[in-house]
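Participant: Got chain H; can you put chain U on it based on the hints?
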Amino acid sequence: MDKRAVIRKTGKVLAVAAGLFLFILALYFVKAGAGGIKAWMVANHIGGIPGGVGFGWFMAYICLSGSPVAATSLGLHADHHLNRATGLDSYETFSMIIGSRLGASMVVLLIGFCYDLRGKKEQRSVYVGAVALLTTLTTYLPALLIGLGILGSGALDWVRFNRPDFVGEGLDAVFKPIVEFFRGYLPAWGIFGLGVGVFMSAFRIFDLALPAVDPTHGRIARMSTVVYRPSITFLLGMLVTCVTLSVSVSISLLVPLTARGYVRRENLIPYILGANITTFIDTLFLSLLVNSPDAFTIVFSALASVSIVTMPIIAFFYGRYERMIDSLAVKATLSRRRLAVFVVILFAMPGFLLLFGLLR
Amino acid sequence: MNILTFVDPSPRGNWALQLAKEFSPKLATRIVLLATEVHVRADPGLLDRAEEGLEAPAGLVVEKKVRAGRPRRVIVEEANAHPYEITIFPPAGRNSLQRLIHGSRIRTVVRKIPSSVLVARRPAPRIRRILAAISASAFGQTTVGAGLEIARALGAELTAIHVLSNIPIPAGGPPSQGDSKAGGDSRMAQLLEKAREEFRMHGLEPRILLRDGMVVEEVVHEVDAGAYDLLIVGHHIPQGADLHQDLAERIILWCPIPVLVVQPRKVKAGVAQGR
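Taken in sequence, the protein lines are chains H and U. Mapped onto the numbering used here, the consecutive letters of the first sequence carry residue numbers 26 to 385. Mapped onto the numbering used here, the consecutive letters of the second sequence carry residue numbers 1131 to 1405.
Just chain H, with the same shape it has in the complex (with noise of 0.2 Å):
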């Protein structure tokens, strides 16, 4: 092995450890404000199902990722499991996931429609963002109904992990003298936000330890010419979201693959089918770390539901669905004034969950 790969590897390793770091510290730091912001959501009425759904899909907006909203709310959740006064119950914490994902699929067509404006011609990219957008809706919302009966039932509470004792103990002497002499400077609610502010800086990092993709061999290399099955198509989509642990970077990371920056767009709806699935991985790894032994069930709960929705949809009524979802986004691509239309409607919706959680 040459010393650049030496050195290469060993940056990768790097950025994984101090990106784990920051994921933990963050989780302590979201832990340790979530009083903060549950007396904030409590003043502000914000709270229930659609509430959790509503603040999770503005999260994500500001943020513009679904990650780490969907980590800071199952920091909030621990905060819950150990005063239940403060933090967010476990319906709560899935609405918020839930609302995090679709928060997050609109990242994918503002990326689309800066790119188009950069564009010397008309490019048209903001139908990716579209496509994004339309599939995560129609397959999210169904599947938040699914995965709340889920909870309700108890049928996955089987499936819950116990953090050990001597990992919590061994990480509360790591991180709770940062979190306190954090605590000493900053109100809660500044707590909370550098929680926040710590989990996209650690996705960030845990970016620069993602494999190397070689765009010029293999059979994805030729994905841009090529219409392939439904079917792989989706598993496509499930493998590289899984590393890449971020649908938009997933979406983004189509690029290389294609080698020319173009995809059939029979490949994109399967594709983003797939991803939005193991897009649920960080969260789902995530909450193996945090100190509640339902939040495991929580997530695997959210992935389970989705999946639930999507697979009858691959193997039995994928022609009518992307006939659906393309027809729908053309519609809202066609001109600038449909796509702000388009928009208005996407940033009215969450806001319209909240108001709805302020009237229950």
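By construction, these hints were calculated from the structure, which means they are not laboratory data. A virtual CB, placed ideally from N, CA and C, is assigned to each residue, including glycine. Don't take each hint at face value.
[Stated by the list, open to error] Below, a sample of chain H positions facing chain U; criterion: calculated Cβ distance under 10 Å:
id: 1; residue: Gly-137
id: 2; residue: Ser-150
id: 3; residue: Tyr-287
id: 4; residue: Leu-293
id: 5; residue: Ser-352
[Unchecked claim] To give an idea of the interface, some chain U residues facing chain H are shown, with a C-beta separation under 8 Å as derived from the structure:
id: 6; residue: Asn-1296
id: 7; residue: Ile-1297
id: 8; residue: Gly-1343
Facilitator: Positioned in the frame of chain H, the structure of chain U alone reads:
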């Protein structure tokens, strides 16, 4: 040209016969009417009536054959046993659920026989407008060539359609700056120019429609919107086909009008002749 026509007692059997009648005067030298043993036992006059209905012009040889087995098996066995250029057969008329349980006659025949196939959906009284769906490959040119020959024989007009389903991904540098995209565009332009040449070689003004969207949906939409009477598609499965979706097959299954499927064997013959 040898044409195999599968006849059954259903109304769809008449569609196949009607298309055989339209194709035979200028394209066929020999027509074989094929039926299953079960159908002939149930309706002994089936093939005789079909022969009469064909109103074969002088010089056209008409033969009648009966084979044992299910329709799809009978068609595949006969088409593989003898060198036909076109096989005409009606769809089994199954809905999606029935297709899931029993399989698709169209899919089986298209995949298993070497000749070009004419799927006999309800035909117009006369074929006047033909649409050829072409891909940006050498096969697209062959499809146009086959379409022009048939259009000339039937006295119909041919329009070609090519669907661009590529969409830019919102990341990285703007694709207009990359040379690989420009390379892709120029390759497509070359292939479309070859298709235009085919038109000109037949003394016709090129009529090629370009559409943006999903291939199957755009082709089927154009078939409806343009009131076409016949669709021609090329069918070639590339290497690694187990991973690929067969768009031609989806077009064939969805299209509401008769579809002529040009098979790769014709491409090879065409290439060989060209050389």
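Participant: For each hint, tell me whether it holds in the structure or not.
Facilitator: The hints, checked one at a time:
1. The interface hint given for Gly-137(H) is met, as the beta carbon of that residue sits about 3 Å from the closest beta carbon of chain U, less than 10 Å.
2. The closest approach between the C-beta of Ser-150(H) and any C-beta of chain U is roughly 4 Å, which is under the 10 Å cut-off, so the hint is satisfied.
3. Nearest Cβ of chain U to the Cβ of Tyr-287(H): about 4 Å, under the 10 Å cut. The hint holds.
4. A cut of 10 Å between beta carbons decides the hint on Leu-293(H): the least distance to chain U is about 7 Å, and the hint holds.
5. Annotation: interface hint on Ser-352(H) holds; nearest CB of chain U at approximately 8 Å, less than 10 Å.
6. Because the closest C-beta pair between Asn-1296(U) and chain H is about 4 Å apart, less than 8 Å, the hint holds.
7. Against a cut-off of 8 Å between C-beta atoms, the interface hint on Ile-1297(U) holds, since the closest Cβ of chain H lies about 5 Å away.
8. Residue-level restraint check for Gly-1343(U) holds (minimum Cβ-Cβ distance to chain H is 7 Å; threshold 8 Å).
The structure agrees with every numbered hint stated previously.
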